[in-house]
Amino acid sequence: MTTVTETQEPKRGLTLPKFLTSRPTRPYVHPYLGGALLGVVLFLAFFLTGNGLGASGGLNRFIVFFQDLIAPDHVDITPYLITMAGGDLNPLDNWIIPMIIGTLFGGFFSGWRNGRLKIETNKGPQISTKSRWAFAFIGGAIMGYGARFARGCTSGQALSGGAVLSVGSWFFMFAVFAGGYALAYFVRKLWN
Amino acid sequence: MPPFPLDLIGLLTKPGAYLVYALIGFGFGYALEISGFAISSKLAAQFYFKDMTVLKVMFTAIVVAMVLIFGATALGLLDYNLIWVNPTYLWPGIVGGLIMGVGFIVGGFCPGTSLVALSTFKLDGLFFTLGGLFGIFLFGETVEYFDEFWHSSYMGRFTLPELFNTSYGVVIVGVVLMALFMFWGAEQLEHIFGKKDLKTEPRRRYTGAVALLAVALLVAFIGQPTTQSRWVKIASAKEALLKERTVQIHPAELLSLVHDHHINVILLDMRSEADYNLFHIDGSQRHDPGTASELVPDLRLEPANTVIVTISNDEGAATDAWKNLTAESIQNVYILEGGLNNWLATYAHEDESLIPNPATGNDQLRFIFPAALGSRYNFSDPDPEEFEVEFTPKVQLQTKRGATSGGCG
Chain A
728 MTTVTETQEP KRGLTLPKFL TSRPTRPYVH PYLGGALLGV VLFLAFFLTG NGLGASGGLN
788 RFIVFFQDLI APDHVDITPY LITMAGGDLN PLDNWIIPMI IGTLFGGFFS GWRNGRLKIE
848 TNKGPQISTK SRWAFAFIGG AIMGYGARFA RGCTSGQALS GGAVLSVGSW FFMFAVFAGG
908 YALAYFVRKL WN
Chain B
13 MPPFPLDLIG LLTKPGAYLV YALIGFGFGY ALEISGFAIS SKLAAQFYFK DMTVLKVMFT
73 AIVVAMVLIF GATALGLLDY NLIWVNPTYL WPGIVGGLIM GVGFIVGGFC PGTSLVALST
133 FKLDGLFFTL GGLFGIFLFG ETVEYFDEFW HSSYMGRFTL PELFNTSYGV VIVGVVLMAL
193 FMFWGAEQLE HIFGKKDLKT EPRRRYTGAV ALLAVALLVA FIGQPTTQSR WVKIASAKEA
253 LLKERTVQIH PAELLSLVHD HHINVILLDM RSEADYNLFH IDGSQRHDPG TASELVPDLR
313 LEPANTVIVT ISNDEGAATD AWKNLTAESI QNVYILEGGL NNWLATYAHE DESLIPNPAT
373 GNDQLRFIFP AALGSRYNFS DPDPEEFEVE FTPKVQLQTK RGATSGGCG
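Protein sequences appear in the order of chains A and B. Residues 728 to 919 in my numbering are what the first sequence spells out, letter by letter. Residues 13 to 421 in my numbering are what the second sequence spells out, letter by letter.
Derived from the structure by calculation, the hints contain no laboratory data. Glycine included, every Cβ here is placed at the ideal spot set by N, Cα and C. Among these hints, one or two may not hold up.
Claimed, not checked - With a Cα cut of at most 30 Å, we get these calculated DSSO-like pairs of lysine-lysine:
{"#": "1", "chain 1": "A", "residue 1": "916", "chain 2": "B", "residue 2": "255"}
{"#": "2", "chain 1": "B", "residue 1": "406", "chain 2": "B", "residue 2": "26"}
{"#": "3", "chain 1": "B", "residue 1": "406", "chain 2": "A", "residue 2": "845"}
{"#": "4", "chain 1": "B", "residue 1": "245", "chain 2": "A", "residue 2": "845"}
{"#": "5", "chain 1": "A", "residue 1": "857", "chain 2": "A", "residue 2": "745"}
{"#": "6", "chain 1": "B", "residue 1": "26", "chain 2": "A", "residue 2": "916"}
{"#": "7", "chain 1": "B", "residue 1": "26", "chain 2": "B", "residue 2": "208"}
{"#": "8", "chain 1": "A", "residue 1": "857", "chain 2": "A", "residue 2": "916"}
{"#": "9", "chain 1": "A", "residue 1": "845", "chain 2": "A", "residue 2": "916"}
{"#": "10", "chain 1": "A", "residue 1": "857", "chain 2": "A", "residue 2": "845"}
{"#": "11", "chain 1": "A", "residue 1": "745", "chain 2": "A", "residue 2": "845"}
As the list claims (entries may be wrong) - Derived list of chain B stretches under chain A, where covered just means 3 residues or more per stretch with a C-beta under 8 Å from a C-beta of chain A:
{"#": "12", "stretch": "16-23"}
{"#": "13", "stretch": "72-84"}
{"#": "14", "stretch": "98-109"}
{"#": "15", "stretch": "114-123"}
{"#": "16", "stretch": "148-162"}
{"#": "17", "stretch": "166-172"}
{"#": "18", "stretch": "400-406"}
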């Protein structure tokens, strides 16, 4: 594998307790196998519940939950927020919330089982850990904004909508790749 | 009606249903982690053609899920009408996608993968997730400034087979072929830019490709159920409802529904344009007889408190529409009892401009109208206070089965 991963241990001895990291590190599965497994999970989601997978909508509801705690009056006059938390609505009372909690546990379990739990920062070799964190935050903010703009993220739009042949989801998916490739050259120092 | 998707909340109550979602989420997180999606540099390498894991995993997942979903619908196990198909808002989706692509290459994750990075203690995943929350917050606070654009180019539940005007089978096989071609291209790019030795790749991937294509061809060969074949499966149970007259509602019940602000009433007038222009109930939308099943994608997106009433002059065309909609798993559909002739007999009997014309045939208007005023007659929108009409209420709102929201909630 020729990925350009460079890992830097955080200072001041931030390490995980031994029982989390004692298992031998195993390599990642082949992309087609991982993809097929993801496809089966996606199918089961639709087959059992009628819904696909999602992530950003759940994060959205967490944010709105706190907004509703701090400024309920503001929530009640903002149309976009009313649908999630207007009046007595609890923004966390939605299927997406258990789903993203499950996602966290699933990732954690696989990381533990395959010996890949580790406090680390993955980045290209040319930037410092601190700037990587800054860019992760900025990129995350752009991503979060775009995901709500597009009414779904890579999971909720591209994967889920793509598998059930939604026209909008397919255009969205190609737009994501187009946006990434268009900018990739200009930010190559971040990763290469 | 196909048994899946399940009415999870009805079957398991809310905690049980949420547990199912949590388990699906667990599988989602697991599948992302074992594919290496917790590592930002691995994800970003996609955009430098060095490691095409993102594309391979994503498209494999899409085609595998697609073939299984449409295989299940072809076999009558799963109801495509009841699963969430992201409604298309074309331009907001494209603009949002471009923004996300930028966020992806700058931040190194997408929202789903950042959760997995976070849960395996990747600090860049933590910062990305925090940034993501901030961006989502910002969106909620700014969307009002471009609300019009954000709701523009709405096309409803719009699918690729409808776009290309072809069958689901053709599209499914086409998407599989396209994905296989992209995988081939991705491997070539990895070879050139990532200096990857393709000979070390498992040969079993060819077997997988052939198997996938074979299943897709089989799904296309079986074909998707038609409205007709769906009706045949439920005909005996539903014909009984028609015969017992439990779904034909009295004009007075219809009028009370229209004036009930808790109910979203959709009136489908299934008559010719000429009849509709002569007279129709205020707020009714006309559709040609026999075209009811074309309305299914839009009707599915209506809220749960929706009651649909089909209307014709008597009950003939309205009953056909009822059958088509019911076969397509649309709930809370009713027929106007006795049709518009009965409506007119109830609400227009005092109107002297109408001349009764009992000689006309079945499902024809039995009144002669002096002019084609559409819904500008008093009896198009009668005042329910003025008429004391007794009726037996028949409408019972069924809770909506299937997904009502999706696309990340």
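Checked hints:
Note on residue 916 of chain A and residue 255 of chain B: the hinted pairing is violated, with a Cα-Cα distance of about 73 Å set against a maximum of 30 Å. As the CA atoms of residue 406 of chain B and residue 26 of chain B are separated by approximately 29 Å, the hinted pair is consistent with the 30 Å bound. Proposed proximity of residue 406 of chain B and residue 845 of chain A is contradicted: the alpha carbons are some 62 Å apart, above 30 Å. A hinted pair counts as satisfied when its Cα atoms are at most 30 Å apart, and residue 245 of chain B with residue 845 of chain A does not qualify at roughly 55 Å.
A threshold of 30 Å between alpha carbons decides the hint, and for residue 857 of chain A with residue 745 of chain A the separation of about 26 Å falls inside it, so the pair holds. With a CA separation close to 48 Å, the supplied pair residue 26 of chain B and residue 916 of chain A exceeds the 30 Å bound. For the hint pairing residue 26 of chain B with residue 208 of chain B, the CA-to-CA distance comes to about 49 Å; that exceeds 30 Å, so the pair is violated. A threshold of 30 Å between alpha carbons decides the hint, and for residue 857 of chain A with residue 916 of chain A the separation of about 15 Å falls inside it, so the pair holds.
Proximity of residue 845 of chain A to residue 916 of chain A is assessed by CA-CA distance (about 25 Å); at most 30 Å being required, the pair is judged to hold. For the suggested pair residue 857 of chain A and residue 845 of chain A, the alpha carbons sit about 18 Å apart, so the restraint of at most 30 Å is met. Between the alpha carbons of residue 745 of chain A and residue 845 of chain A the distance comes to roughly 11 Å, so the proposed pair stays at or under 30 Å and holds. For the stretch 16-23 of chain B, the proposed coverage by chain A is satisfied: 4 residues have a C-beta within less than 8 Å of a C-beta in that chain, meeting the threshold of three.
Coverage of the stretch 72-84 of chain B by chain A holds in this model, with 10 residues showing a Cβ closer than 8 Å to a Cβ of that chain against a need of three. Beta-carbon proximity to chain A at under 8 Å applies to 11 residues in the stretch 98-109 of chain B; the threshold of 3 is reached and the given coverage holds. Here the stretch 114-123 of chain B counts 10 residues with a CB under 8 Å from a CB of chain A, which clears the bar of 3, and the coverage holds. Check result for the stretch 148-162 of chain B against chain A: holds, 10 residues qualifying (beta carbon to beta carbon below 8 Å, three or more required).
Three residues within the 8 Å Cβ limit are the bar, and the stretch 166-172 of chain B against chain A gives 5, so the coverage statement holds. Residues of the stretch 400-406 of chain B lying with their CB closer than 8 Å to a CB of chain A number 0, which falls below the three-residue condition for coverage.
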